[in-house]
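The chain contents come next:
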Amino acid sequence: MIKLRARFDADVRSVHAFRGDLTAEIAPARLVEICRYLRDDVELAFDFLADVTAVDYIGTTPRFEVVYHLKSLTRGHRLRLKARVSEDDPRIGSLVGVWRGADWLERETWDMYGIRFDGHPDLRRIYLYEEFDGHPLRKDYPKERRQPLVSRADLDAPQARRQEERDRARYGRWH
Amino acid sequence: MRDTDAGTDGHAISDDLHGEPLEIQMGPSHPATHGTVRINLKLDGERIIDADIQVGYLHRGYEKECESGEWSQAIPYTDRLNYASPMINNVGYCLAAEKLLGVTVPPRGQFIRTIASEISRLSDHFTCLGASAMELAAMTPFLYGVQAREHVWDLHEALCGARVTTNYVRIGGLQSDLPPGFVDLCRGKLKAALAIFADVDRLLTQNPIFRERMEGTGRLPAADLIAYGVTGPLLRAAGVGYDVRKAEPYLVYDQLDFDVPVGSNGDNYDRYLVRVEEVHQSARIIEQCLDRLPEGPVDVDDPRLRWPAKSKVFNRMEELIDQFKLVTEGMRPPAGEVYQAVEGANGELGFYLVSNGTGKPWKCRCRAPSFSNTHAMRDMVRGALLADIVPTFDMINMIGGECDR
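Chains as they are written, first to last, in this note's numbering: chain A, 1 to 175; chain B, 1001 to 1405.
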């Protein structure tokens, strides 16, 4: 941590440890560079990217926080990196070039929070379909909102018509 | 004539026969995949040029649901992450929440949680090993595996009343202490399950057909696996002995004596062997826990987290208020964020929780091992034969609930 501070100085904005979890908040512009350093430095050796996700702090600026959980399998230590990105243009560098596992994790974060990862080779939605409107884990996305690919009315229409025809055949015109 | 000239080299002949690459779709819900997934394959004859693995068929918004409930209401959702080993998810989430709260469960609670976790690991491995044989067209080991799993699920049932959706572990303790006679029941069931499992082992491990499908397929070097974030039996089969239970011991794993099996080849057969050995190690852990099970409470003594005893609630004012407040308001962890990893049946299962000091989790993220493991499959099958997908996908043991959340 001291090493990270010494090298990237002002771009490491704050450092803290809560319940033993070491956390560093960094400038989003230098994320890829910092991660490459964290991976390649012999003493730090963060070879394992455990997780990428985001948190929506709605009402604050910048609104989103992209969170990375790193681990060094050889040294055994962990680190959490966080970078804030703004609401109107949520984008940050992609880590696919540093850890290949970032590919799907970043796709998931894009899908759920709508954060763009610059330099990602294939930034598609991963869970939801392409026609889906919005990003469901944003706090302003209502939980009750439904977006079926085929609307309920379309599904019901032929069935209702068939039912009507059956009823007519069975009960005549008085039904 | 040209063909006969090139006849000594088989590839030259097939080069002349090349046509368009064939694109086929495996799944969703292909009969030989345990987990709903779609694999878009680009094939050159039987050889895989590229595979696009599409997940999400079981996406049901686990995180959104957790964020809209109280802290303790997320526990049932964690059952449904990896439904083959629900207890480990319960334990992982509750440990993360306890880390946030800064409390530790008394020793008896920790021992019972360890037993519960290992029981679930057995259930997961039985499922995985049995199903993988079935998907390679060997029905008998699957039925044996399920039979062994039934014994394990009897133990789930004894603990909490449910066989699959356990919902047993609570933040700050357990739903209840062990039922009377559990220690003997557990020993008996464990013995019965292992006896059946020995048959699965005998049927498969030296079976030439099984070995031919498994050996040398799905191999990926350890460095690539690490870059993909692969953990669990897959990583250990490639020779990296990373196990959260040893690397960052939680519960009582540091007091127990067990080995972490590692393989050398990193192929599907090694992954199979690692899982078989882990079954025996889990049984060893359970035996030790049963032997050393301490007496005492299973819950933390904190009215903000666990309900007081009913006898006190009905007869005393303070406890009545405590229960009322806990039911109506829920617990309120301090603002902060934690990441807690446990060793799931398929690898590192992490929970990242963010609290803003209210009664609901602001963020309830699950780092699912199946997700990263399935991601790495693309490189495992590229260049392999179409038939290799089945054993590779088996050994990845993708659990839809956990991968798609």
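Among the clues, some could well be false.
[Unchecked claim] Simulated pairs of lysine-lysine, DSS-like, Cα-Cα distance not exceeding 30 angstroms:
(1) B:1310 - B:1360
(2) B:1246 - A:82
(3) B:1246 - A:143
(4) A:82 - B:1064
(5) A:139 - A:82
(6) B:1325 - B:1310
(7) B:1360 - B:1064
(8) B:1310 - A:139
(9) A:82 - B:1310
(10) B:1310 - A:143
(11) B:1312 - B:1360
(12) B:1246 - B:1312
(13) A:143 - A:82
(14) B:1325 - B:1064
(15) A:139 - B:1191
(16) B:1325 - B:1312
(17) B:1042 - B:1064
(18) B:1360 - A:139
(19) A:143 - B:1325
[To be verified] Ranges between beta-carbon positions, derived for each pair:
(20) A:116 - B:1332: 44 to 50 angstroms
(21) A:148 - B:1049: 31 to 37 angstroms
(22) A:149 - B:1164: 16 to 22 angstroms
(23) B:1246 - A:42: 42 to 48 angstroms
(24) A:41 - B:1259: 29 to 35 angstroms
No lab work stands behind these hints: they were computed from the structure.
Beta carbons: idealized from backbone N, C-alpha and C, even for Gly.
Here is how each hint holds up against the structure:
no.: 1; hint: B:1310 - B:1360; result: holds (26 angstroms)
no.: 2; hint: B:1246 - A:82; result: holds (27 angstroms)
no.: 3; hint: B:1246 - A:143; result: violated (39 angstroms)
no.: 4; hint: A:82 - B:1064; result: holds (21 angstroms)
no.: 5; hint: A:139 - A:82; result: holds (19 angstroms)
no.: 6; hint: B:1325 - B:1310; result: holds (15 angstroms)
no.: 7; hint: B:1360 - B:1064; result: holds (11 angstroms)
no.: 8; hint: B:1310 - A:139; result: violated (38 angstroms)
no.: 9; hint: A:82 - B:1310; result: violated (45 angstroms)
no.: 10; hint: B:1310 - A:143; result: violated (36 angstroms)
no.: 11; hint: B:1312 - B:1360; result: holds (28 angstroms)
no.: 12; hint: B:1246 - B:1312; result: violated (41 angstroms)
no.: 13; hint: A:143 - A:82; result: holds (26 angstroms)
no.: 14; hint: B:1325 - B:1064; result: holds (25 angstroms)
no.: 15; hint: A:139 - B:1191; result: violated (50 angstroms)
no.: 16; hint: B:1325 - B:1312; result: holds (15 angstroms)
no.: 17; hint: B:1042 - B:1064; result: violated (35 angstroms)
no.: 18; hint: B:1360 - A:139; result: holds (13 angstroms)
no.: 19; hint: A:143 - B:1325; result: holds (27 angstroms)
no.: 20; hint: A:116 - B:1332: 44 to 50 angstroms; result: violated (35 angstroms)
no.: 21; hint: A:148 - B:1049: 31 to 37 angstroms; result: holds (35 angstroms)
no.: 22; hint: A:149 - B:1164: 16 to 22 angstroms; result: violated (30 angstroms)
no.: 23; hint: B:1246 - A:42: 42 to 48 angstroms; result: violated (23 angstroms)
no.: 24; hint: A:41 - B:1259: 29 to 35 angstroms; result: holds (32 angstroms)
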